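Student: What follows is each chain in one-letter form.
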Amino acid sequence: MTTATDVHAHDDHHEHHPAGIMRWLTTTNHKDIGTMYLTFSLIMFLVGGMMILGVRAELFKPGLQLMRPEFFNQLIGVHALVMIFAALMPAATGFANWLLPLQLGAPDMALPRLNNWGFWLLPPAAILLTLPFTLALFGIGDGAVATGWTLYAPLSVQGGLGVDFAIFSIHLLGISSVLGSINIIVTIFNMRAPGMTLMKMPLFAWGWLITAFLLIATIPVLAGAVTMLLTDRHFGTHFFDAAGGGDPILFQHLFWFFGHPEVYILLLPVWGFIPHILSAFTRKPVYGYKAQVYSFWAIGILSVVVWAHHFLTVGMPVPALLYFMYSTMSISLPLAVLFFCWIANMWKGSMSFETPMLFATGWIILFGIGGLTGLVLADVAADAQYHHSYFVVAHFHYTLFAGGIMGVMAGVYFWLPKMTGRMYNEKLGKLHFWLTAIAFNMTFIPQFFLGLAGMPRRIPDYALQFADFNMISSISAFVLGLSQLLFVYNIVSCVRGHGEKAADKPWEGAEGLEWTLSSPPPYHSFTEQPVIK
Amino acid sequence: MATEAHHYYVPNPSPYPFILSTGLLLMTSGFIFNINHYAPGVWMMLLGFLCVLYVLYGWFGRIIGESEGGAYSKWEDRSFRIGMIVFISSEVAFFAAFFGALFFMRRIAIPELASFDHDFTMYKSFTDAWPSAGPGGVVLGHAYEVPKFTPMSAWGIPAINTLILLTSGATVTWAHWGLLKNNRQQLIIGLFLTVALGIAFLCLQAFEYHHAYTEMGLTLGTGAYGATFFMLTGFHGFHVTLGTIMLIVILMRSMKGHFTSDHHFAFEGVAWYWHFVDVVWLLLFVLVYWL
Ligand SMILES: [Cu+2]
Numbered sequence: 001m002t003t004a005t006d007v008h009a010h011d012d013h014h015e016h017h018p019a020g021i022m023r024w025l026t027t028t029n030h031k032d033i034g035t036m037y038l039t040f041s042l043i044m045f046l047v048g049g050m051m052i053l054g055v056r057a058e059l060f061k062p063g064l065q066l067m068r069p070e071f072f073n074q075l076i077g078v079h080a081l082v083m084i085f086a087a088l089m090p091a092a093t094g095f096a097n098w099l100l101p102l103q104l105g106a107p108d109m110a111l112p113r114l115n116n117w118g119f120w121l122l123p124p125a126a127i128l129l130t131l132p133f134t135l136a137l138f139g140i141g142d143g144a145v146a147t148g149w150t151l152y153a154p155l156s157v158q159g160g161l162g163v164d165f166a167i168f169s170i171h172l173l174g175i176s177s178v179l180g181s182i183n184i185i186v187t188i189f190n191m192r193a194p195g196m197t198l199m200k201m202p203l204f205a206w207g208w209l210i211t212a213f214l215l216i217a218t219i220p221v222l223a224g225a226v227t228m229l230l231t232d233r234h235f236g237t238h239f240f241d242a243a244g245g246g247d248p249i250l251f252q253h254l255f256w257f258f259g260h261p262e263v264y265i266l267l268l269p270v271w272g273f274i275p276h277i278l279s280a281f282t283r284k285p286v287y288g289y290k291a292q293v294y295s296f297w298a299i300g301i302l303s304v305v306v307w308a309h310h311f312l313t314v315g316m317p318v319p320a321l322l323y324f325m326y327s328t329m330s331i332s333l334p335l336a337v338l339f340f341c342w343i344a345n346m347w348k349g350s351m352s353f354e355t356p357m358l359f360a361t362g363w364i365i366l367f368g369i370g371g372l373t374g375l376v377l378a379d380v381a382a383d384a385q386y387h388h389s390y391f392v393v394a395h396f397h398y399t400l401f402a403g404g405i406m407g408v409m410a411g412v413y414f415w416l417p418k419m420t421g422r423m424y425n426e427k428l429g430k431l432h433f434w435l436t437a438i439a440f441n442m443t444f445i446p447q448f449f450l451g452l453a454g455m456p457r458r459i460p461d462y463a464l465q466f467a468d469f470n471m472i473s474s475i476s477a478f479v480l481g482l483s484q485l486l487f488v489y490n491i492v493s494c495v496r497g498h499g500e501k502a503a504d505k506p507w508e509g510a511e512g513l514e515w516t517l518s519s520p521p522p523y524h525s526f527t528e529q530p531v532i533k
Numbered sequence: 001m002a003t004e005a006h007h008y009y010v011p012n013p014s015p016y017p018f019i020l021s022t023g024l025l026l027m028t029s030g031f032i033f034n035i036n037h038y039a040p041g042v043w044m045m046l047l048g049f050l051c052v053l054y055v056l057y058g059w060f061g062r063i064i065g066e067s068e069g070g071a072y073s074k075w076e077d078r079s080f081r082i083g084m085i086v087f088i089s090s091e092v093a094f095f096a097a098f099f100g101a102l103f104f105m106r107r108i109a110i111p112e113l114a115s116f117d118h119d120f121t122m123y124k125s126f127t128d129a130w131p132s133a134g135p136g137g138v139v140l141g142h143a144y145e146v147p148k149f150t151p152m153s154a155w156g157i158p159a160i161n162t163l164i165l166l167t168s169g170a171t172v173t174w175a176h177w178g179l180l181k182n183n184r185q186q187l188i189i190g191l192f193l194t195v196a197l198g199i200a201f202l203c204l205q206a207f208e209y210h211h212a213y214t215e216m217g218l219t220l221g222t223g224a225y226g227a228t229f230f231m232l233t234g235f236h237g238f239h240v241t242l243g244t245i246m247l248i249v250i251l252m253r254s255m256k257g258h259f260t261s262d263h264h265f266a267f268e269g270v271a272w273y274w275h276f277v278d279v280v281w282l283l284l285f286v287l288v289y290w291l
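Each protein sequence line maps, in turn, to chains A and Y.
If you use the UniProt record's numbering, the first sequence closes out at 533, no skipped numbers anywhere.
If you use the UniProt record's numbering, the second sequence closes out at 291, no skipped numbers anywhere.
Hints listed in this document are in silico derivations from the structure and should not be mistaken for laboratory results.
Owing to the predicted nature of the structure, the values given are computational and were not obtained by experimental measurement.
Glycine is no exception: its CB is placed at the ideal position from the N, C-alpha and C atoms.
Misleading hints may appear alongside valid ones.
What the hints assert, rightly or not - Ranges of calculated distance between the beta carbons of each label pair, as one might list FRET restraints:
#1 A/L482 x Y/L287: 54 to 64 Å
#2 A/D468 x Y/F49: 37 to 47 Å
#3 A/G454 x Y/E145: 34 to 44 Å
Unchecked claim - Capping the alpha-carbon separation at 30 Å, the derived lysine-lysine pairs in DSSO-like fashion look like this:
#4 A/K430 x A/K533
#5 A/K284 x A/K61
#6 A/K290 x A/K200
#7 A/K200 x A/K427
#8 A/K200 x Y/K256
#9 Y/K181 x A/K533
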């Protein structure tokens, strides 16, 4: 088995790596891999965004204008899968790759080759997810998965070729997430600088540690669920079929056992960003560090025992309904602790509002709205009215677009000078924030009202009474989409070396080991580990 | 935490992860084409499988070379150990999904199907019992008739298999003791016995499947019972197969003189994996075969 290996020819003080495309295909460097994750995430964010603009264009007015309902269904399902698995999760993993070694004082991530594999599973997964669109043009199959991202049985058992592609796409994405989590857990436990105890670790590392635990516990359950779906579709099992003693509701339980923690998987890394940013721009230390760590733990643990609030209307016994309602609502307690910490962090701070801080403060308000509307949906009686309406769509966009993506944007503006060595254009950054915040609210506030008035989600046509709000929502969605071009412009110009040179510590109030390195940092981060007192 | 005055080993750029991902893309898309009856599927799967085999050989060969070449100190060793524990935890979660499905169908879905008011149900003669293949009915336009089947008894081959796996857990531990005492002969005999027991388990399991399909009327399509029985024992058998292959590699490395009493992560990783497979079997024996 053994092949001759010249382990000592390797020397990690030099920046030697293959040039061109081979650098990226073969890299074991955490910054290169982080860059690939972030680039992939940005591209898929735009792809997923264009899909939903197609949907909003169709919903601009009642009736069917632009597309067949089947294609509409494909767009909404693939939009969600792309945004969750190919935009938001890779963004978080990309930041983990870039920042964890810098913040923990490590030379690199603990398992560098595994790290590269984790990334290179993503493009194949994205290909699997979107290939059926193309295949349909050649008469193979009937397009991508058209069941919505939740893949509920029995619709997904009956669906076409696209469902099979989605199942295996989810498998590859799942392997990628598990690999990423293994690497992050190992890095956090084994690569911290001497003297950096767990309770001295930056909150971003804490957020990701809990995220990684959640991924390890729940992604394999999703893999199991879609495997059952595959065997139900092709190999004659009856997991989700009453005739054989199975139950379609079983799929919902398995899916949401993954699906609810997934929300926190998307949010916890962002909760890690926010204290760093708030502390930098208020020139105050992080407020309530311990309280935030314990809240992360509490939310992480609670998140795996509340899943059925996603289908309270499916017909469960009353004790189960009550349990899932109260346990879900109890998550708001540790979440409130976090909100108080963030607000207290700003209290009497000497604040300035550069772009990252604008995003962070806007984020607190918008994510707060997402949290509060979630409380409404967790209420069994109220949910009977709101379930499967546009209220739900608006709610989870406040948590996932505002709470997730806008948080990531705060992080991008905050660490972009460190990563690229260049300052972004502050004016354009601020313009990007205001356009995003306003257009986002203009897109989704009308959807709350549409939902309250009874407009169901996932339907390409609607009653005339919903026309005005849908028109506002659609126009705003296009403004929201177009304003992201400012974001792209800012990133691209930094990466290409335009703009002012960034100082090692471009933000006066920023704290952490990453600011002790040059901007951009050397190819190998801390070859000598710093000692933390 | 790192206190060693030593540089952490960051490997050189490697082509293997990318080739592996390409292989998996070919295998998965080929498999999809295959089950949907598009011709090139088989060839894509084959090509992808060759990529995967090439990478397994090359990547593991490289790691073994690095390990024997002295690239890994205690610091790297600790990374591998934590990583292996986390990986096995994710496997636990995977099996939990199927045990969860078994629990749900047996304790919730089937009792509920049998509980409906006689006047309002299409499943009039269906009663709550286990094993069950469901009440029958129309599935996606095809009629599903409840098949006649004999459930698998715990006290034949499954009981023997339980003994086999428990013994193999003991032999691999005995081999480990041999390694720790620098008794190479005990190490090699212990591993050889473990591999033999693993293969014996797989043969008996294959025989049991054959018997189920040909004489007991028990197949993957036998409703809730058949689905949970074959998926749980099947994934377990798949893991035993992987574990046996890993044990064979470790055995061959031991015979070549690899591993020392204080540097043998690969051995322990495989042993942990084997114990994990063992524990899953005990759960299977109790929850699938016995109760
Ligand atoms: Cu939820």
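Student: Which numbered hints turn out to be false for this structure?
Tutor: Per hint list: 2, 4, 5, 7, 8 and 9 violated.
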